[in-house]
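Colleague: The lines below spell out each chain.
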Amino acid sequence: DAKTTQPPSMDCAEGRAANLPCNHSTISGNEYVYWYRQIHSQGPQYIIHGLKNNETNEMASLIITEDRKSSTLILPHATLRDTAVYYCIVRSRSGSARQLTFGSGTQLTVLP
Amino acid sequence: DTAVSQTPKYLVTQMGNDKSIKCEQNLGHDTMYWYKQDSKKFLKIMFSYNNKELIINETVPNRFSPKSPDKAHLNLHINSLELGDSAVYFCASSQEAGGELFFGEGSRLTVL
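Read top to bottom, the protein sequences are chains F and P.
Letter by letter, the first sequence follows residues 1 to 112 in our numbering.
Letter by letter, the second sequence follows residues 1 to 112 in our numbering.
Hints may contain errors.
The calculated DSSO-like cross-link candidates involving lysine-lysine, where the alpha carbons are at most 27 Å apart (straight line), are [claimed, not checked]:
id, chain 1, residue 1, chain 2, residue 2
1, P, 40, P, 71
2, P, 41, F, 3
3, P, 19, F, 3
4, P, 22, P, 52
5, F, 69, P, 41
6, P, 36, P, 52
7, P, 22, F, 3
8, F, 69, P, 19
Some residues of chain F that are not near chain P, with every Cβ distance over 10 Å (derived) [what the hints assert, rightly or not]:
id, residue
9, 44
10, 54
11, 60
12, 63
13, 65
14, 67
15, 70
16, 85
17, 93
18, 100
Hints in this document: simulated from the structure, not taken from any laboratory.
In this text, a Cβ means the ideal position worked out from N, Cα and C, and glycines have one as well.
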């Protein structure tokens with residue numbers, strides 16, 4: 001049973017904002033939303049996480065809806081190096097093993 | 001300095017052989033993990049250790065045996081290799097169980 005749903009692929013023009021959606025309608029109150037990305041042939045890289053407030057760091061912003069059933073990862077000025085598979089996962093701090101498995105993610109392609 | 005390092009990066013071997021993949025993290029983290037990424041690109045948790053103690057063993061055949069000599073190392077030994085074991089294996093660590101994950105670059109295993 002999938003905890004998150006993401007579109008399989010998206011394109012974005014270089015220099016524009018990339019908005020990656022994630023649905024997690026069955027999220028529990030103690031579960032965080034985490035985003036990772038995997039650039040081809042590399043290990044996954046942590047991007048950001050949040051519980052219910054919006055979060056921002058040097059890589060991205062995370063917008064979580066008020067009902068927490070969906071979120072959007074925003075890369076404000078996408079570059080070619082942001083082309084990667086982006087994974088959204090939900091888990092609690094004492095998460096079960098199942099919560100540690102990543103789904104198929106969204107393949108983001110940044111176009112020149 | 002590499003935070004999470006795995007060796008070897010590539011491993012090609014025959015069916016029935018026994019092989020090991022080593023992982024070391026210099027982040028001072030308490031928890032380490034092994035993940036398997038198959039051809040469909042799903043990242044599946046296999047094992048997790050916290051302070052050298054096994055805390056997650058996710059329905060992995062007992063041909064796979066993790067060993068943690070200290071909290072900075074988590075090695076993966078695989079006996080009697082099968083074709084289906086061909087995959088990329090990622091090691092990861094986190095400050096605590098449930099924290100954000102830091103991944104190594106992966107070890108691509110090919111069983112012929």
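Colleague: Minimum C-beta separation from residue 54 of chain F to chain P exceeding 10 Å: can you confirm that?
Modeller: Check passes; 18 Å lies beyond 10 Å.
Colleague: Within 27 Å, alpha carbon to alpha carbon, are residue 41 of chain P and residue 3 of chain F?
Modeller: Status holds; Cα separation ~17 Å.
Colleague: Minimum C-beta separation from residue 67 of chain F to chain P exceeding 10 Å: can you confirm that?
Modeller: With a cut-off of 10 Å, residue 67 of chain F remains clear of chain P, as the shortest Cβ separation is near 23 Å.
Colleague: Is the Cβ of residue 65 of chain F more than 10 Å away from each Cβ in chain P?
Modeller: holds, 22 Å
Colleague: Has the given pair, residue 22 of chain P with residue 3 of chain F, been kept, meaning a C-alpha gap of at most 27 Å?
Modeller: Violated, at roughly 31 Å.
Colleague: If we take the beta carbon of residue 63 of chain F, is the closest beta carbon in chain P still more than 10 Å away?
Modeller: holds, 19 Å
Colleague: Would you assess whether residue 85 of chain F, listed as outside the interface, keeps its beta-carbon beyond 10 Å of every beta-carbon in chain P?
Modeller: Since the minimum Cβ distance to chain P is about 7 Å, residue 85 of chain F lies within 10 Å and the statement is violated.
Colleague: For the pair we were handed, residue 69 of chain F and residue 41 of chain P, check the Cα-Cα distance against 27 Å.
Modeller: This hinted pair holds, its Cα atoms lying about 25 Å apart.
Colleague: Starting from residue 22 of chain P, check that the Cα of residue 52 of chain P is at most 27 Å away, please.
Modeller: holds, 15 Å
Colleague: Given the proposed pairing of residue 19 of chain P with residue 3 of chain F, does the C-alpha separation stay at or below 27 Å?
Modeller: violated, 34 Å
Colleague: Measure nothing beyond the straight line between the CA atoms of residue 69 of chain F and residue 19 of chain P; if it is 27 Å or shorter, mark the hint as holding.
Modeller: violated, 43 Å
Colleague: Please verify whether residue 36 of chain P and residue 52 of chain P have alpha carbons no more than 27 Å apart.
Modeller: Holds - the C-alpha atoms of residue 52 of chain P and residue 36 of chain P are around 20 Å apart, at most 27 Å.
This entry does not satisfy hints 1, 3, 7, 8, 9, 16, 17, 18, going by the numbered hints stated previously.
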